[in-house]
Amino acid sequence: MKRPKRDPVREDRIHNEAFVDANGPEEQVMGWYYYLDDKIRFPFQAQCIAAKAVSPLLKG
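Everything in the sequence shown is counted per the working numbering, starting at 1 for the first residue and increasing by one.
It is worth saying that the hints were derived from the structure and are not from the lab.
Be aware that a few hints might be false.
[Unchecked claim] Only pairs whose alpha carbons sit at most 30 Å apart, straight line, appear in this in silico DSSO-like list of lysine-lysine: (1) K39 x K2; (2) K2 x K52; (3) K39 x K59; (4) K59 x K2; (5) K39 x K52; (6) K5 x K59; (7) K52 x K5; (8) K39 x K5.
Hey, can you work out the whole structure from these sequences and the hints?
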């Protein structure tokens with residue numbers, strides 16, 4: 001999978017969409033939860049690119 005280039009305009013749009021009317025950190029977390037719940041479809045294909053000591057995933 002190729003990582004897309006960083007696009008600050010796109011990131012601001014996503015941030016603003018996720019944080020609509022968020023007052024405080026709890027509402028920001030829930031904003032991300034509902035944003036991702038709406039946008040991500042499971043299961044999805046992913047690839048582990050680095051092994052970490054705390055991760056149960058294997059590289060590859």
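Now the hints, each set against the structure:
1. K39 x K2: holds (20 Å)
2. K2 x K52: holds (21 Å)
3. K39 x K59: It holds: about 26 Å lies between the C-alpha atoms, which stays within 30 Å.
4. K59 x K2: Roughly 16 Å separates the two Cα atoms, so the pair holds.
5. K39 x K52: holds (27 Å)
6. K5 x K59: Measuring from Cα to Cα gives roughly 23 Å; hence the hint holds.
7. K52 x K5: holds (24 Å)
8. K39 x K5: Holds. K39 to K5 sits at ~20 Å (cutoff 30 Å).
Hint compliance for this structure: no hint is broken.
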